[in-house]
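Sequence lines, in order, name chains A and B. If you read the first sequence in my numbering, its first letter stands for residue 795, the second for the next number, and so on. If you read the second sequence in my numbering, its first letter stands for residue 795, the second for the next number, and so on.
Worth double-checking, as some hints may not be accurate.
One copy or two, either will do: identical chains are not told apart, so a pair holds if it fits within one copy or between any two.
Computed cross-link-like contacts, PhoX-like style, restricted to lysine-lysine with a CA-CA straight-line distance of at most 20 Å [unchecked claim]:
1) 911 - 849
2) 870 - 849
3) 849 - 914
4) 968 - 849
5) 839 - 849
6) 914 - 870
7) 967 - 914
8) 968 - 914
9) 839 - 914
Hints were generated in silico from the structure; no laboratory data involved. None of the values given here were measured: they were computed from a predicted structure.
Protein chains: 2
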Amino acid sequence: MTRRLTTRGQQRRDQLIGFATARFAENGFHPTSVTEIVNGLGVGKGVFYWYFDSKEELFIEILRGAQQDLRRFQEKAIANEPDPLARIEFGIRASITWLAGHPDFFTLLQFAAIDEKFSKLIRLGEEIAVNDVARHIREGIDQGRIDEGDPVVLGHAILGVTNQLTRVLLFEKKYEPGSVADTVIRFALGGLRGFSGVIAAGALSVTST
Amino acid sequence: MTRRLTTRGQQRRDQLIGFATARFAENGFHPTSVTEIVNGLGVGKGVFYWYFDSKEELFIEILRGAQQDLRRFQEKAIANEPDPLARIEFGIRASITWLAGHPDFFTLLQFAAIDEKFSKLIRLGEEIAVNDVARHIREGIDQGRIDEGDPVVLGHAILGVTNQLTRVLLFEKKYEPGSVADTVIRFALGGLRGFSGVIAAGALSVTST
DNA sequence: ATCTAACTTGACTGATTGGTCAAGTTCTCC
DNA sequence: GGAGAACTTGACCAATCAGTCAAGTTAGAT
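Using the sequences and the hints, build the whole thing.
What follows is the structure, encoded as structure tokens:
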């Protein structure tokens, strides 16, 4: 939906997005009803459908906006840094800093990632983020500072560590963003360097029941 | 709900669990209706409520059963292995092998993890898994083979890598479970060993917008 | 053979959902 | 001050939901 919005209209739209973000983050997409959103804001239902075609469109709007904001923040953080490993570190640090300031969005990401309706958008954003870091990894490999390996796969590994530790340390255990980032970076860079010789690859030959 | 079940009843119950698992994995918990489940099985709605108090109870039942099965599988895989690093490797390998045989459950885990109604159960199971691996990590630290660090935090880091790479490599890119495990283990053990000296800790002093 | 507990049916209920729309109000621009 | 666009209202709709229940069927135990 595209509409010419007055200042008042823009404010109302932002208000809807803000309130809906909070409700979605708390209850999830499906359990949060449009009625709940408009009632919470004390406006009629028509207001919602004046600004958005559907509940789904609103959610996508939220996701897109946040993804864009995060990416810009990351780019700004690594700009002009020549060292690829430092770029990886700055990227991780920026992501965690941004997420610390947007906890609702972290939750929304989880919801969206598994919902058929939104997972494509999330995977796309994830792919972009992974490709960004994969570029730095490739450079690191070329410089002989990172072990041989598929940069995209390693990028996913970093994303996995970052997400999990952000959730547990930042949002559950309430650690400082900086210290969470330190931990993630230490593990991620160690992981990139790899481990010489898997202890017992293929030694386990069990089959699933 | 506990009932005396005949053989026929037990079969029906299993059938409900099996079909519901597939539907939940495909559509998610909220969008899958009880009507859809019983219609798909060609039975009356009363059948569902003869075996389960609610849709929620069924879902919890599925989660609990799968968590139990996975844990037993992990335990069997590391039994009698004296080397802590090998136990970590075997545990990771077993988890990925098991998930390869139960792809629906992997999806269900994601759904459950973010739903307020089920996240407690998931976090509990996650905590158990992390504590398991944390024990081996602590041993590895004591043996001087793993860098100093909070074993529980490191356990979460391993869980994060495992989950992400399992999703992307095993389920999306359809790699072999064994090769996915190799990649995860290499990164995880490298991460445990850590990275001597963070490149530029705290050098980034940006604030979130 | 019969009794009883296990199992099954499917119409029904009350509540809620996403979305519509005719009508009314406010704002902006000329 | 008036015309038209932007905005708002809230009753309304068709669909769907989780869950109930009285009635009926099946099958193992005695």
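Hint check:
Taking CA atoms no more than 20 Å apart as the test, residue 911 paired with residue 849 passes inside one copy only; the shortest distance there is 12 Å, against 23 Å between copies. For the identical chains of this complex, residue 870 and residue 849 are neighbours neither inside a copy (32 Å) nor across copies (47 Å), given an alpha-carbon limit of 20 Å. Taking the shortest Cα distances, residue 849 and residue 914 sit within 20 Å of each other inside one copy (17 Å), while across copies they are farther apart (28 Å). For the homomeric pair residue 968 and residue 849, neither the shortest alpha-carbon distance inside one copy (32 Å) nor that between copies (34 Å) is at most 20 Å.
In this assembly of identical chains, the alpha carbons of residue 839 and residue 849 lie at most 20 Å apart only when taken from the same copy (12 Å versus 30 Å across copies). With identical chains, the CA atoms of residue 914 and residue 870 are never at most 20 Å apart, being 26 Å at best within one copy and 37 Å at best between copies. When the C-alpha separation of residue 967 and residue 914 is checked against a cutoff of 20 Å, the pair qualifies only between copies, where the shortest distance is 15 Å, while the shortest distance within a copy is 31 Å. For the homomeric pair residue 968 and residue 914, the shortest alpha-carbon distance between copies (18 Å) is at most 20 Å, but the shortest distance inside one copy (31 Å) is not.
Proximity of residue 839 to residue 914 under the C-alpha cut-off of 20 Å is found in neither arrangement, the shortest distances being 29 Å within a copy and 34 Å between copies.
The structure is inconsistent with the numbered hints 2, 4, 6 and 9, although it conforms to all the rest.
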